[in-house]
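Peer 1: The residues making up each chain are set out below.
There are 2 protein chains.
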Amino acid sequence: MQTIILNNKPRLVSCASIAGKKENDGNMSEFFDAIILDGRYGKKSWEEAESEMQKDAAFMVLHKTENKPEDISFIFGGDLLNQCMGTSFGITKLNIPFFGIYGACSTFCEGLILASMCVDGGYGKKVMCTSSSHFCSSERQFRFPLEYGGQRAPAAQWTVTAAGAALVSDSGGDISITAVTPGKVIDLGISDASNMGAAMAPAAIDTIKTHFKDRGLKNNYFDMVVTGDLGKFGYSIAKEKLKEEGVDLSNRFYDCGAMIYKEEQDAHAGGSGCGCCASVFSGYIFDMLKQGKIDRVLLVATGALMSTTSAYQGNSIPSVAHAVSIERVRK
Amino acid sequence: MQTIILNNKPRLVSCASIAGKKENDGNMSEFFDAIILDGRYGKKSWEEAESEMQKDAAFMVLHKTENKPEDISFIFGGDLLNQCMGTSFGITKLNIPFFGIYGACSTFCEGLILASMCVDGGYGKKVMCTSSSHFCSSERQFRFPLEYGGQRAPAAQWTVTAAGAALVSDSGGDISITAVTPGKVIDLGISDASNMGAAMAPAAIDTIKTHFKDRGLKNNYFDMVVTGDLGKFGYSIAKEKLKEEGVDLSNRFYDCGAMIYKEEQDAHAGGSGCGCCASVFSGYIFDMLKQGKIDRVLLVATGALMSTTSAYQGNSIPSVAHAVSIERVRK
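Sequence order for the protein chains is U and B.
Residue numbers for the first sequence follow this note's numbering, beginning at 115 and rising by one.
Residue numbers for the second sequence follow this note's numbering, beginning at 115 and rising by one.
Looking at chain U on its own, in the form it has when it is part of the complex (with noise of 0.2 Å):
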């Protein structure tokens, strides 16, 4: 079976998020922890800013659960950056066990599966996992320099600069990471880069799929089913197939690139990069937990895994979902 039922239920403790000026514009303001306004954060480049965004919202989630960095036996981190240079450079100053992680948008919850087994398994008592991303230091190593102005096709989705941390821990709350579903690299042959919505959904729809036939769920078992970044045509291109396939979720499906920005900010498809869903779960959807507005969420963050330099040799976008069910347990 794909879905690894997680038996001893470990908690996810705390969240935190940390966002730029466009997503605090957009329309989960009201739940980030901190913005950023300047997106060098004080720092000489785009890429050091991401990494001290990475950094701080690690430490925003120390400070909440009232830990310090060797209180946490290790942390899963990455970003979307060549060799995670956004990770590794803020990572260092934790001083805290580091597993680096690679799966494009889908990262923050490959490693919340990572941290869960980890704690879930009796490995670590207390396990982080972080991710982020950055518009301006995406922009510059995937597409054209930002002077360039280069113009966006239609289904493109804008790398949100945001950075989200969450803490996974034996016991606190009642909020619980219950079963994961890892998932395969699917590739169906979509080659358009600025199409990384409809690259992404099929990942999206068999991971999804899967994990409701490992369970044996009915389709209305979550109060919400939350893709990671497809955008606005990965998500109804996702939403139609799952339906036609036996998996109706109707109005408890979501997708983060599709929440994060407002019609009129011209995001085009949405929110993309591993920043989106790990800001918009650890702001917006946490909060909905932690407040007892929802109690069942699947989280399936999806990743493109791409670069430059096989979009350049013509290769197809090989893609991966990775599913996280989080759950209010009885105490």
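Simulated from the structure, these hints should not be mistaken for laboratory data.
Using N, Cα and C, we set each Cβ at its ideal position, and we do this for glycine too.
Be careful, since some hints might not be right.
What the hints assert, rightly or not - Pairwise CB distance ranges (calculated):
1) U:PHE258 to B:ASN333: 50 to 58 Å
2) B:GLU180 to U:GLU358: 37 to 45 Å
3) B:GLY360 to U:ASN141: 53 to 61 Å
As the list claims (entries may be wrong) - Below, a list of computed lysine to any residue pairs in the SDA-like style, where the Cα atoms sit at most 20 Å apart:
4) U:LYS158 to B:THR422
5) U:LYS182 to B:GLN116
6) B:LYS239 to B:ASP284
7) B:LYS158 to U:ALA425
8) B:LYS407 to B:LEU302
9) U:LYS157 to B:GLY303
10) U:LYS207 to B:LEU302
11) B:LYS239 to U:GLY236
12) B:LYS404 to B:THR292
13) B:LYS323 to B:MET115
14) B:LYS207 to U:SER305
15) U:LYS355 to U:ASP328
16) B:LYS207 to U:ALA425
17) U:LYS136 to U:ASN121
To be verified - If you want the ones that stay clear, here's a sample from chain B, every Cβ over 10 Å from chain U, calculated:
18) ALA148
19) GLY156
20) ASP185
21) ASP234
22) GLY263
23) ASP301
24) ARG329
25) LYS355
26) GLY360
27) SER364
28) GLY406
29) ILE408
Since the structure of chain U is already known, use the hints to place chain B on it.
Peer 2: Okay, now just chain B, sitting in the frame of chain U:
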């Protein structure tokens, strides 16, 4: 405690390695399972060749152990290329749930740690890890076009063209992963990308010292303590400094990067890359274990977590080292 003792003693059942022509001319020739004599390996790019190597190493392990891809619970894989494209394009063809990891040249040990915790905790019966590097894809990405023929500094290392794969299982054979030490990110301010051995040595020293201290081991406990790819200079630094700090490993201390090439092969300080430790361990060291020539090995892969962007921006090189204790157990 930073070191995790694996009480259920997950077995390291099988390994496979595949390497390039220069590696075949080196010291480890007889231990590789397969050699690619053409750097393109029948593909249209070096990057695709690297993906093919990693996929083939995984298939060789499946073949040796008479497993099919569907028998494997999941796979941890990574490489040096931007967005880990060496891994994702190969792994797609396996159709196994996938966790992408990034630890630069420490990736193979990072994968072994996570795979062994997953098996030990009962989250998967059979878990694989893979990693790869390719001289040509790395030179193109990190350094100069090959055609330019840039001169190399004496402390520079040669990126190994190789891939390795390993299968960790809940049973089979008498070689077990007994304890693991995930490393902290350590940055002592070294910024010379032509001397990564010096940048990584402090991480190796920290992780090795921690492993010995956490388990209360004597300096002669292991038959071999093998770092990933410190190269000649980093190896000397680590050996001397460890001795100074009370962990005198004398003639039990080795380095995969320093061992892989012959002196006359003009590889300067030695080999490096995710494929170096992966292929030397999967070939030579695992063979020594299987044959009963040695019983206890501490494998400590080291990674330099920098990118070309971080180097251009004048940053130092944060490093990490992950340790895996592999021992023969009574059946």
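Peer 1: The structure should be examined with respect to each hint, and the outcome stated for every one.
Peer 2: Checked hints:
no.: 1; hint: U:PHE258 to B:ASN333: 50 to 58 Å; verdict: holds (55 Å)
no.: 2; hint: B:GLU180 to U:GLU358: 37 to 45 Å; verdict: holds (38 Å)
no.: 3; hint: B:GLY360 to U:ASN141: 53 to 61 Å; verdict: holds (57 Å)
no.: 4; hint: U:LYS158 to B:THR422; verdict: holds (16 Å)
no.: 5; hint: U:LYS182 to B:GLN116; verdict: holds (15 Å)
no.: 6; hint: B:LYS239 to B:ASP284; verdict: holds (6 Å)
no.: 7; hint: B:LYS158 to U:ALA425; verdict: holds (14 Å)
no.: 8; hint: B:LYS407 to B:LEU302; verdict: violated (37 Å)
no.: 9; hint: U:LYS157 to B:GLY303; verdict: holds (18 Å)
no.: 10; hint: U:LYS207 to B:LEU302; verdict: holds (12 Å)
no.: 11; hint: B:LYS239 to U:GLY236; verdict: holds (18 Å)
no.: 12; hint: B:LYS404 to B:THR292; verdict: holds (16 Å)
no.: 13; hint: B:LYS323 to B:MET115; verdict: holds (13 Å)
no.: 14; hint: B:LYS207 to U:SER305; verdict: holds (17 Å)
no.: 15; hint: U:LYS355 to U:ASP328; verdict: holds (19 Å)
no.: 16; hint: B:LYS207 to U:ALA425; verdict: holds (19 Å)
no.: 17; hint: U:LYS136 to U:ASN121; verdict: violated (40 Å)
no.: 18; hint: ALA148; verdict: holds (23 Å)
no.: 19; hint: GLY156; verdict: holds (15 Å)
no.: 20; hint: ASP185; verdict: holds (13 Å)
no.: 21; hint: ASP234; verdict: violated (7 Å)
no.: 22; hint: GLY263; verdict: holds (21 Å)
no.: 23; hint: ASP301; verdict: violated (5 Å)
no.: 24; hint: ARG329; verdict: holds (16 Å)
no.: 25; hint: LYS355; verdict: holds (19 Å)
no.: 26; hint: GLY360; verdict: holds (22 Å)
no.: 27; hint: SER364; verdict: holds (28 Å)
no.: 28; hint: GLY406; verdict: holds (30 Å)
no.: 29; hint: ILE408; verdict: holds (27 Å)
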